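J.: Read top to bottom, the protein sequences are chains A and B. So the first sequence is numbered by this note's numbering: it starts at 130 and just counts up by one. So the second sequence is numbered by this note's numbering: it starts at 2 and just counts up by one.
These are computed hints drawn from the structure, not numbers from a lab. Just so we're clear, the structure is a prediction, and the values are computed from it rather than from any experiment. Any given hint might turn out to be false.
Stated by the list, open to error - In silico DSS-like links for lysine-lysine, alpha-carbon gap of 30 Å or less: (1) A/198 with B/247; (2) B/218 with B/107; (3) B/189 with A/198; (4) B/189 with A/400; (5) B/189 with A/442.
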Amino acid sequence: MTKFSGLDYYEIDGLLTEEEVLVRNTVREFTEEQILPIIEKNYRIGTFPMDLIPKMADLGMFGSTLPAKYGCAEMNNVAYGLVMQELERGDSGIRSFASVQSALVMYPIYTFGSEKQKDYWLPKLASGESVGCFGLTEPDYGSNPGGMITTAQDKGDHYLLNGAKMWITNGTIADVAVVWAKLNGIVHGFLVEKGTQGFSAPEMIGKHSLRASVTSELIFQDVQIPKENIFPKTDGLKSPLMCLNQARYGIAWGAIGSAMATYNTALEYSKTRIQFGKPIASFQMTQEKLVFMVAEITKAQLLCLQLGRLKDKLTLRFPQVSLAKRNNVQMALEIARMAREILGANGILDEYPVMRHMANLESVKTYEGTHEMHTLIVGQDITGIQAFV
Amino acid sequence: MKCIVCVNHVPDTEAKIKVGADGKYIDKAGINHILNPYDEFATEAILQLKEKNGGETLAITLGGDSHKETLRKALAMGVDKAILLKDDSVRDSLSVAKALAEELKKHTPDFILFGKQSIDYYNEQIPGMVAEILGLPSVTAVVKLTVEDKKVICHREIEGGQEIVETTYPVVISAHKGLNEPRYPSLKGIMASKTKPITEIQPIAVAPVVETITMFKAQSKQAGKIVGTDAAAVPELVRLLHEEAKVI
Ligand SMILES: Cc1cc2nc3c(=O)[nH]c(=O)nc-3n(C[C@H](O)[C@H](O)[C@H](O)COP(=O)(O)OP(=O)(O)OC[C@H]3O[C@@H](n4cnc5c(N)ncnc54)[C@H](O)[C@@H]3O)c2cc1C
Ligand SMILES: Cc1cc2nc3c(=O)[nH]c(=O)nc-3n(C[C@H](O)[C@H](O)[C@H](O)COP(=O)(O)OP(=O)(O)OC[C@H]3O[C@@H](n4cnc5c(N)ncnc54)[C@H](O)[C@@H]3O)c2cc1C
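Build out the structure end to end from the sequences listed, making use of the hints.
T.: This is the structure in structure tokens:
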């Protein structure tokens, strides 16, 4: 297979700065050299490639939009999005790792944390010395996190945490968990360190999707949390939702990478696979699929670029992120399915990345707000009528 | 220690090359350009020299504005400063070498690194010419470089083996694959490169002494040869690979 050189049907590169292009190309090369050669094996045996963590940290991929004083790259949001895109061209699980570490752990510590929490954790998380996870979802509360039953009680010199979280990316390998729990009926964020008495994080098994990513339960039985481990600056349920908004932004970009991977595989395959004496790329039905792919990816690229520019201007509204996440993950999934069709029987083999991406995207479509929830968010935004309940 | 790398901006290895309308040069329009891969080894080498011995690093390129992209990459990898000898005109190797040497002289470098060759025109001439013009020792195709006091020990790739040579610096060295593992420009490095200076300088003009008459693409490969379809064909295949293709 020839080296991947991206898809830029509309000269969108011309809308990027020199630094943005360099960031994109660097991570593209990283994905080519460090992720693609190993990922199928990790996916097959169901493990996260732990030795990528220091390599990704060296490049500055964790918390890359945060200030340099914490050891971060201080990039803009478009450059951050391009990092997510290129990582997800490798695998959604690798992008998930970077998303969680950056948008769901470093971002809330930076935004809601005390100076002490920031100074202690951000450099460790940026350097990959520590791994973080984000615990919001519970077995009985997914789309409706406001119903959560995990609680914290004020015991004077500490908080006492009880409850359970489920579907938590990086849970088992995390040194610190950002945990959302109700204190006197209001959602608050707590930093729970690995090894704290009463806290365990068993890995969930049996996944058919995101197999190269660790997904865990977090169990809290009378866990004593030091008082200094509560986030001082949160504002109820809105705070974890702000985190999700950061992560969704990255997912909207990431989906483009996944789509580029499956499109590119299908394009190359169709030019060399001969049936009825001709390359299958010469059949109209195949061309129609390939054209659909290019059109959808190009639209998604422009959508994300403008989304990123709005985010950098600080005028971004959250339903705009929902629209992009919803659109881009759906288009990536459709493209993966079409690519599988173009590859015929070969499409089901792990010699090609297509089924892996397709299976991964089923999780991506659900996490960080399901496709349906994002529909309802945009629906409410444009009609003014809330349709959740 | 002052270390300089001379870098070139070349078509991406994956680019579909077209010969320009003049039939003499590569048509640069619409193709991706990158830091010449051999120059990445050279860039990594000067970064390592600085890390071990202190001092400063500089990257120089000769070409048009688009060459800044490649300088930016060298800066993002960690090089301190860059110079663009801004000139888009047609030059032969000697005129490039003379212009580079003229600039290099001003900086009194200890180490001047090049890639073994540019992957576009394959001339492999510039490092040697620059060394000659500057009156410096020149070591080419280096795969290992050690500096002990004033001594410079280089391992060179030669047919079927290696050669170890010793010289002193200032020296001109051309880097071969294997010299090191070039680092990725880190995201922090890329952000920091924004504030590093790229100085534009008008290089000296030198009339070319070698002129390109024409350039054309090789004809597409002939169809492959099927030697046989079972184990019996192996000896013949081995013989052909050895004697005709000369790959084993
Ligand atoms: C691999 C993986 C990793 C994850 N990582 C994390 C993590 O790190 N941290 C974390 O906190 N969570 C994580 N999650 C959890 C994820 O965010 C939830 O799965 C998601 O929010 C959906 O919740 P649920 O699975 O409970 O589905 P449910 O909420 O039970 O939804 C089931 C279906 O009902 C639909 N639905 C629900 N309510 C409505 C409604 N009002 N109107 C219309 N349709 C509705 C949904 O759209 C969905 O189709 C992860 C999930 C996966 C699969
Ligand atoms: C799990 C599995 C089990 C199988 N079991 C058996 C078995 O027991 N016995 C057996 O004989 N086979 C079996 N098959 C093979 C299966 O029947 C073939 O995969 C199928 O016929 C498609 O052929 P192909 O994979 O070579 O795809 P291709 O024929 O290469 O097709 C690739 C793509 O090109 C399209 N295409 C091809 N020609 C045209 C055209 N003229 N116009 C438009 N589009 C075109 C196809 O629709 C497809 O999208 C199995 C396949 C799988 C995946």
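J.: None of the hints should be skipped; say for each whether it holds.
T.: Hints and how they fare:
1. A/198 with B/247: violated (57 Å)
2. B/218 with B/107: violated (40 Å)
3. B/189 with A/198: Since the Cα atoms of residue 189 of chain B and residue 198 of chain A sit roughly 11 Å apart, the hinted pair holds (cutoff 30 Å).
4. B/189 with A/400: It is violated: about 40 Å lies between the C-alpha atoms, which goes past 30 Å.
5. B/189 with A/442: holds (21 Å)
Going through the hint list in order, the structure does not satisfy hints 1, 2, 4.
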